[in-house]
Amino acid sequence: MKINRRQALGLSAGAAVFAAAGFRAAPAVADAAATEVAIKEFTGGIIPAEAGKLTLKTPEIAENGNTVPVSVSVESAMSGDDMVESIAILAEGNPNPGVVVFSFTPMSGAAAATTRMRLAKTQNVIAIAKMADGTFYMDKKEVKVTIGGCGG
Amino acid sequence: MATPRPRVKVPKTAAAGEVITIKTLISHDMESGQRKDSEGNTIPRKIINKFTCDFNGQTVFSCDIDPAISANPYFEFNAKVAESGTFKFTWVDDDGSVYEAEEKIEVK
Amino acid sequence: MRRGAWEGLPVRGKFAAIGAGVLVASALAFSAVQAEPVDETLSIDGVEMTTRAKAQEGLPFDEVLSGWLFREAETRQLEADSFENPGMLYVERGEEIWNTVEGPAGQSCASCHGDAAESMAGIAAHYPKWDADSQRPINIELRIDKCRVEHMGLEPYKFDSDDQKALTTYIKHQSLGEPVNLDLAEGDMQSWWERGKERYYLRTGQLNFACASCHEANSGQYIRADHLSQGQANGFPTYRLKQADMVSLHNRLRGCIRDTRAETPAAFSDELMALEVYLTWRGTGLSVETPAVRQ
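Residue numbers (this note's numbering), protein chains in the order written: chain B, 1 to 152; chain E, 1 to 108; chain P, 1 to 295.
Fair warning: there could be bad hints in the mix.
What the hints assert, rightly or not - Pairs of lysine-lysine residues, derived as BS3-like cross-links and limited to a Cα-Cα distance of at most 27 Å, are as follows:
1. B/53 x B/140
2. E/36 x B/121
3. E/9 x E/46
4. B/141 x E/104
5. E/104 x E/46
6. E/36 x B/40
7. P/242 x B/144
8. E/36 x P/158
9. B/121 x E/50
10. B/57 x P/242
11. E/50 x E/104
12. B/121 x P/242
13. P/242 x E/36
14. P/197 x E/46
Since the hints were derived computationally from the structure, they do not count as laboratory data.
With the rest of the complex left out, here is chain B (with noise of 0.2 Å):
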């Protein structure tokens, strides 16, 4: 089949990954779209404006993308009306795009959590907040993963 320069252009990256690469078992890289489609799954359709009351906190530069320190924290009193259901975590450049979802209950006290990720590279790290009255709020940070030494 012939494809003109414009056409090969206009594949998306993820398509010509696995042309180029024969079959594989998945692609090597989550593309945006896919990324899209699991903030759609978990907001029930919209991308949420703002961060608002979401802070999600990471490093600039990862020391290792294998053990990546990530924590997130939503101004709530978590009582009455202004509770946090949940937050996800996702990686836009992961083969995956999902990397966790904390649930929290009234007793959580606060709204808040720590933990590590795997970042394969250089990407974008998302948090989206879905808040007990339908709300959503999305931050997004920007984590650079180095290559360390002679081949890490």
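With the hints as your guide, set chains E and P onto chain B.
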């Protein structure tokens, strides 16, 4: 590692209604399912996919976990307790194994 | 022990695909960017570690520095918190092994050595030591093997087995904070020190690097994005974020040598034991940090 070993840090005492910090760690390779062995075969995924913290039988906090969580998974979170009791921590493995830990707290 | 840089050295499988040109290019890629090791103190559970010490006489610089000082803030914090340090999971596993009866003699480490916190306190700071029986230096891993074979009726551990790493980490952890100090007057330690020194400064491999090329001549510079430390031994076995696992000293020595594209000597070979003696001596005065956390 041998059997996954949990480590939890819970304050021994707290005031009623105080928001405390809990830290948890468990030894586990968190095999992502992305790696290949020396013959090129994909090493099957085997991770802890769920973590739950209960207090006196009620859920405080939980995580649904994907392979992007690092080996020896670490979770730090908060809890607000009104009375003395026992925290129970549960980690669930892909293979169905369940690992548990418990810590008591005295609420004054 | 001389090796020509280009004489058909075996290149490990996965590196074979990398063109020699790329290797040479990366050899020249020491960044001109210098970064100071941080000016901070490491306290673990309220005990201050010695991370800077006066260099031993004969070394061409004034101060020896712990690798901790060269790491990012998050990595440093992981080591400073004995709860969060993932290496402590291995200390716990090591304690379990210490107390477990194994082998036909029906002994555990505890059977002879009792409470490790007492019997092993401070000793790792003085290893490697001279072993008269084998007429060579002995490190903690080999000392454990000696006990297994002579007193427990067991085989030596397979190199880098999970149990070997956990038990070594546990024993060395009983010397946390203790300053490294070897006795070079024992047996033939001095001549092994000489051999180790020669190896430290010997250029080998396709990249023609010596340990000193990175860790002495370029300590503080960046190799790609890695902040080069002095390559001290005081934190081993170390929890490396890259492997998310404990890494033993001989594993790291073999890794570094592999990265220069040289043949890797066997773990606990004469070559690496001599290097361990010299390398440990270079860090005299620094606290044992096992389990250290590094990248």
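Going through the hints against the structure:
1. B/53 x B/140: Since the Cα atoms of residue 53 of chain B and residue 140 of chain B sit roughly 13 Å apart, the hinted pair holds (cutoff 27 Å).
2. E/36 x B/121: holds (18 Å)
3. E/9 x E/46: Holds, because 26 Å separates the two Cα atoms, which is no more than 27 Å.
4. B/141 x E/104: violated (37 Å)
5. E/104 x E/46: At roughly 31 Å apart (the allowed maximum being 27 Å), residue 46 of chain E and residue 104 of chain E break the hint.
6. E/36 x B/40: Given pair residue 36 of chain E, residue 40 of chain B is violated - Cα atoms ~31 Å apart, limit 27 Å.
7. P/242 x B/144: Measuring from Cα to Cα gives roughly 15 Å; hence the hint holds.
8. E/36 x P/158: holds (23 Å)
9. B/121 x E/50: With a Cα-Cα distance of about 25 Å, the restraint between residue 121 of chain B and residue 50 of chain E holds, given a limit of 27 Å.
10. B/57 x P/242: Holds - the C-alpha atoms of residue 242 of chain P and residue 57 of chain B are around 21 Å apart, at most 27 Å.
11. E/50 x E/104: Measuring from Cα to Cα gives roughly 22 Å; hence the hint holds.
12. B/121 x P/242: This hinted pair holds, its Cα atoms lying about 13 Å apart.
13. P/242 x E/36: Given that 27 Å is the threshold and the Cα spacing comes to 16 Å, the pair holds.
14. P/197 x E/46: violated (44 Å)
Figure legend: structure checked against the earlier numbered hints; hints not met, in rising order: 4, 5, 6, 14.
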